[in-house]
Amino acid sequence: MAKAEIRNYIRKLRFEHGEMTQQELADLSGCTRQTIVALEHGKYVPSLALAFRIAKVFKRKVEDVFNFNE
Amino acid sequence: MTLWQKRALLSALIWGIVAAGFLVCFLSGYGPSAFIEGNPRRNIGAAFLAAGILSYTLLLYFTKKRRKARPVLVDERDQTLSRKASEGAFFVLALFVFLFSIALHDAFRDKGSVPIGWLWSLAYSSWILAYLSQAVIALIFYSRMSSHGEG
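So the protein lines, in turn, are chains P and D. Under the numbering used here, the first residue of the first sequence is numbered 52, with each subsequent residue one higher. Under the numbering used here, the first residue of the second sequence is numbered 73, with each subsequent residue one higher.
Hints listed in this document are in silico derivations from the structure and should not be mistaken for laboratory results. Everything numeric in this text was worked out from a predicted model, so none of it was measured. Incorrect hints may have been included.
Claimed, not checked - Once the Cα atoms are required to be at most 20 Å apart in a straight line, the calculated DMTMM-like pairs of lysine to aspartate or glutamate come out as: (1) Lys112(P) with Glu91(P); (2) Lys107(P) with Glu121(P); (3) Lys140(D) with Glu75(P); (4) Lys140(D) with Asp78(P); (5) Lys107(P) with Glu148(D); (6) Lys78(D) with Asp182(D); (7) Lys94(P) with Glu148(D); (8) Lys136(D) with Asp78(P); (9) Lys107(P) with Glu67(P); (10) Lys137(D) with Asp78(P).
As the list claims (entries may be wrong) - Over 12 Å on every C-beta distance to chain D, these chain P residues come out as not near it, computed from the model: (11) Tyr60; (12) Leu64; (13) Phe66; (14) Glu70; (15) Phe119; (16) Asn120; (17) Glu121.
The C-beta atom is built at its ideal place from N, Cα and C for all residues, glycine as well.
Take these sequences, add in the hints, and give me the full structure.
Have a look at this one:
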């Protein structure tokens, strides 16, 4: 089975939302700033719950924030 | 650095000191065979272990997850890394106990019995190694996941 990859547009969306800081996004989505950093660098794949919370902060659908490449 | 990353660092420090103290106690004097009941070195080794357990318990208490903490201090990534580190530590411990037992068997096969001091060594060192390896593996995972901009 080919390795699946999940990409995200968190960094882009942060800047589109008034240059929101990583800490602000972390506070609003209920995680640590370090997790946001890891997500932006593609070093961590979030749980479904966190993915939904981040999407909710940006008022977007999950698939607008996270992209699944098989 | 997240709260649980600091916890892993302090845990590695605590168990590293305990491991060093225990090794000095165990290997000094008349060697492992004299590590028996009534020997002060065994009591000192036990004191190192007890101090480690107490320090680690206090560390767990002061770094426990607080649900309403703002900003969030511990999240799902910390819990995932901690769980993976525990799985790694389990493997390290299983391998250590297996190899230690085989080594004892090979070393004392001809004599027919193992000096009791070696069993104390196995008991103490397996405990210390379990917590030390958990902390070190967690730190490795954290360092792999860290990037520029993470503090």
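Checked hints:
1. Between Lys112(P) and Glu91(P), the direct Cα distance comes to roughly 18 Å. Compliance with the 20 Å bound is thereby established for this hinted pair.
2. Between Lys107(P) and Glu121(P) the CA atoms are separated by roughly 25 Å; this puts the pair beyond 20 Å, and the hint is violated.
3. Of the supplied pair hints, the one linking Lys140(D) and Glu75(P) holds, its CA atoms being roughly 16 Å apart against a limit of 20 Å.
4. Our distance criterion of 20 Å between C-alpha atoms is met by Lys140(D) and Asp78(P), whose separation comes to about 12 Å.
5. Proposed proximity of Lys107(P) and Glu148(D) is supported: the alpha carbons are some 18 Å apart, at most 20 Å.
6. A distance of roughly 48 Å separates the Cα atoms of Lys78(D) and Asp182(D); the hinted pair therefore is violated under the 20 Å criterion.
7. Pair hint Lys94(P) plus Glu148(D) holds up; C-alpha atoms about 14 Å apart against a cutoff of 20 Å.
8. A C-alpha spacing of about 19 Å is found between Lys136(D) and Asp78(P), which places the hinted pair at or below 20 Å, so the restraint holds.
9. For the given pair, Lys107(P) sits about 15 Å from Glu67(P) by alpha-carbon distance, which is consistent with the 20 Å threshold.
10. Restraint check: the Cα-Cα separation between Lys137(D) and Asp78(P) comes to about 16 Å, which is no more than 20 Å; the hinted pair holds.
11. Residue placement check: Tyr60(P) keeps its beta carbon more than 12 Å from all beta carbons of chain D (closest about 17 Å).
12. With a closest Cβ-Cβ approach of about 17 Å to chain D, Leu64(P) is found to remain outside the 12 Å limit, as its non-interface label requires.
13. For Phe66(P), the non-interface assignment is confirmed: its Cβ lies about 14 Å from the closest Cβ of chain D, beyond the 12 Å cut-off.
14. For Glu70(P), the non-interface assignment is confirmed: its Cβ lies about 15 Å from the closest Cβ of chain D, beyond the 12 Å cut-off.
15. The Cβ of Phe119(P) lies farther than 12 Å from every Cβ of chain D, with a closest approach of about 19 Å, so its non-interface assignment holds.
16. A cut-off of 12 Å between C-beta atoms confirms that Asn120(P) is not in contact with chain D; the least separation is 20 Å.
17. With a cut of 12 Å on Cβ distances, Glu121(P) stays outside the contact zone with chain D, its closest approach being about 23 Å.
In summary, the numbered hints that this structure violates are 2 and 6.
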